[in-house]
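Student: Here's the letter readout for the chains.
Protein chains: 2
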Amino acid sequence: MRKSVLMVAGFLLASLPAAHAADKSLTFSKVDLKAANTLREQALADDTAWKLVESLTTEVGPRSAGSPGDAAAVAWAQREMKRLGFANVHSMEVTVPHWVRGEAQFSVLGPWPQSMPVLALGGSVGTGTEGLEREAVMVHDLAALGALPAGAVKDKIVFISNRMERKQDGGGYGPAVAIRAQGPSAAAALGAVGVVIRSVSTSNDRFPHTGALRYKPDVPRIPAFAVSNPDADALERQFASGKPVRLRMASTSRDLPPALSANVIGEIPGTDRASEIVILGAHLDSWDPGVGAIDDGAGVAITMGAAKAIGALGDRPRRTIRVVLFANEEFGTSGSQAYTAALQDQAAQHALGFEADFGAGPVWRLSSRVNDAQLPAVDQIFRALAPLKLARGNNEANGGADLDGLARLGMPLLSPDLDGTLYFDVHHTANDTLLKVDPAALRQSVAAFAVSAWLGAQYPGTWERVSATKPPRR
Amino acid sequence: MRKSVLMVAGFLLASLPAAHAADKSLTFSKVDLKAANTLREQALADDTAWKLVESLTTEVGPRSAGSPGDAAAVAWAQREMKRLGFANVHSMEVTVPHWVRGEAQFSVLGPWPQSMPVLALGGSVGTGTEGLEREAVMVHDLAALGALPAGAVKDKIVFISNRMERKQDGGGYGPAVAIRAQGPSAAAALGAVGVVIRSVSTSNDRFPHTGALRYKPDVPRIPAFAVSNPDADALERQFASGKPVRLRMASTSRDLPPALSANVIGEIPGTDRASEIVILGAHLDSWDPGVGAIDDGAGVAITMGAAKAIGALGDRPRRTIRVVLFANEEFGTSGSQAYTAALQDQAAQHALGFEADFGAGPVWRLSSRVNDAQLPAVDQIFRALAPLKLARGNNEANGGADLDGLARLGMPLLSPDLDGTLYFDVHHTANDTLLKVDPAALRQSVAAFAVSAWLGAQYPGTWERVSATKPPRR
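Chains as they are written, first to last, in numbering that gives the first Met the number 0: chain A, 0 to 473; chain B, 0 to 473.
Worth flagging that the hints you see were computed from the coordinates, not collected in a lab.
Below, in silico cross-link-like pairs of lysine-lysine (DSS-like), each with a Cα-Cα straight-line distance of 25 angstroms or less: (1) Lys153/A / Lys242/A; (2) Lys242/B / Lys81/A; (3) Lys50/B / Lys242/A.
Chain A on its own, in the form it takes in the complex:
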């Protein structure tokens, strides 16, 4: 009976989260809120993050998994974390796949001969030196590919031309990227020998994009390229002629033996709740055609800049702030998988997660993925961010790819959402350079991450685990 009453009371508390707002024990202290204001204003005037992304892109540049740049980035990150005064700076070795792009050439042979710049999709096999010359079939999506008559693409090249939609939250990416990931094996399963996709990109500039494909184990691995939007339009016009379209693909992409890389970790140690970790994640690797400024140099800079700002406060945080720069997010999330596996028995110590892997800001919205009982805390954090002019997002935040494993183990997430309106103009292209980072937007992003991570670390209540029955949306 007694037990039943407690259960009912517990149920009532959980279902009436508004009641918590008045609960003093769950309200941030005036001291902590004042420190949050200081942090915000200092971050808005600080160029630590800018200097980090400038340094990373200039001194390291491209850093795809297994490349010399990857190793240079690991060394760079440890050096910079130490320079910024982080504690417990160390690396965690990670085995990564080592794919090399080589050269890729692509031409329309007919009806109207023309060469077009391409990028091989990440992980694509090469064509052999002789290349592939075949008639091509155009479809607009995977459903249309699947609906073709039997034999329609046998021994042909398939061109999949789907244009990604521009959205502030990046919501156009999911539907479009399925073609990149699954298109090659879907076409190969129907007998195709090569695939060309319209880039998963919102840009009208002539930058083909890259990004990982996922071969299915049971079908032949066929080469796959992406063309830019202007060239995809031009290819569509070649098909619209009604004449047979003949294409040539040639590339020297290949796999090398797996290589060693590392996650790089540094902390601002906590005080009375030091064993609880507020994790700020970003990834250290980049695709190779650009220098990884927005993906994910900016995330590296935002997380390091936010932790540095917290470390520079007079007050030390209650919980430990841990920055983890993950190895190889781009080509299979090796680093975050290794991290989650290595720290599986400490998963519950990861009290709250933040991930910055969506460009250089500004932050336009605060979303979360917490138990209802912690929503009032999120509301308080949102109010502390008011001068940064954010919208209030929902409680179904995705986090990002690198925190997915920890989120699935129940870690709550706070998500200062980076504005994705222009992100996919540049993402995974040669045009991912420092000039695509706006210093003011970057400072605002650091401020948003710093304030929310600081208050996350000071939260007087408990960041309850989030039920596994509420998986992150993908």
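Starting from the known structure of chain A, fit chain B onto it as the hints suggest.
Tutor: Leaving out everything else, chain B in the frame of chain A:
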């Protein structure tokens, strides 16, 4: 005495151009002005020009002098002029230089190794297969290069980093392009073995540009590349480290024997003044990295579209409208030189010139280069263009490179000035694609050219020759 009086009277007339406005014999007829209105409205609703630039970029694509695309463009232009109903469609053979780009690779070897996309400048010699590896010296302009101490660049690579200014009239190009044209020989004269320039570009995207260099006959020919603005910034940061900067250049650019190309010519025949020619010039060739949509597919489309619109009027023009699509503007203006040389004794028949070689519009201003006595006619034409919302430019129009020869022989120019604000973001880069042409701006440009060419052809007075003492500004 009598003679003196006439001379004085003539002088007074010439110095009082306003007097002409009231002279009925120099005022456009109501019929012609009404036809101008019809022409303007029809051009604003017509997609002839769009279809031309779409067709040229799709079916021909890159068409640098001497290339297979060049020959295809000549065939395309004759076919399209005939299809549009032009009269006297013919080609005029032109010998053109035949330079081929080959491949170009560029890397910073130290202090921080990084590869960067480059384009060889047009006409650059190659490096040989072994490439060049040298220490580099950075300067910001030719004056700074000239001011270096003796021997400072001997056996080195010179990096010239001058950022072009964005202006609506394209006025930033002249000062910046001198570095591209003269920089290689200026550096070679001081003992340098290679040159890299910051692209003559206003873009923050990672597109290196190309364009002709001019080797001096008396100094060694050294290879010359351009890097994009983001990479020039990154290179400057390498120099800012204070450490020696070592570069590697490799390219297979080379000259082939001269080739045959052609100017393509078509007309809307005149009536009572048919022997007087209103010439509309654009160039058929393009640089090879892009598909030549804005440079100069748009000019081809604007001039052909304007002539087509005039030909579609019920009234035939008094003077002959002649469209000339010149061969090889980009690499030495071979086509216009051949045209001027071949028609030297008919130079005076070229009553009025228009050139479209500055992108796809809109037209933002009407400039001219006429004798003062014809300024009232320009004013009347300007008023007929009022719904297109142009500014009134001065009487010092440049025309363009292809009409320069005829202008120097005294041909008056009318210049519906194309907006150059964004032109140098795309000019001479791989990004010169159809997606950079705005269909509405293109229609407005056709309307402006059509109305002014039509009224130029109907002018009841004489388009007097312009004194050679007033050379076009360069």
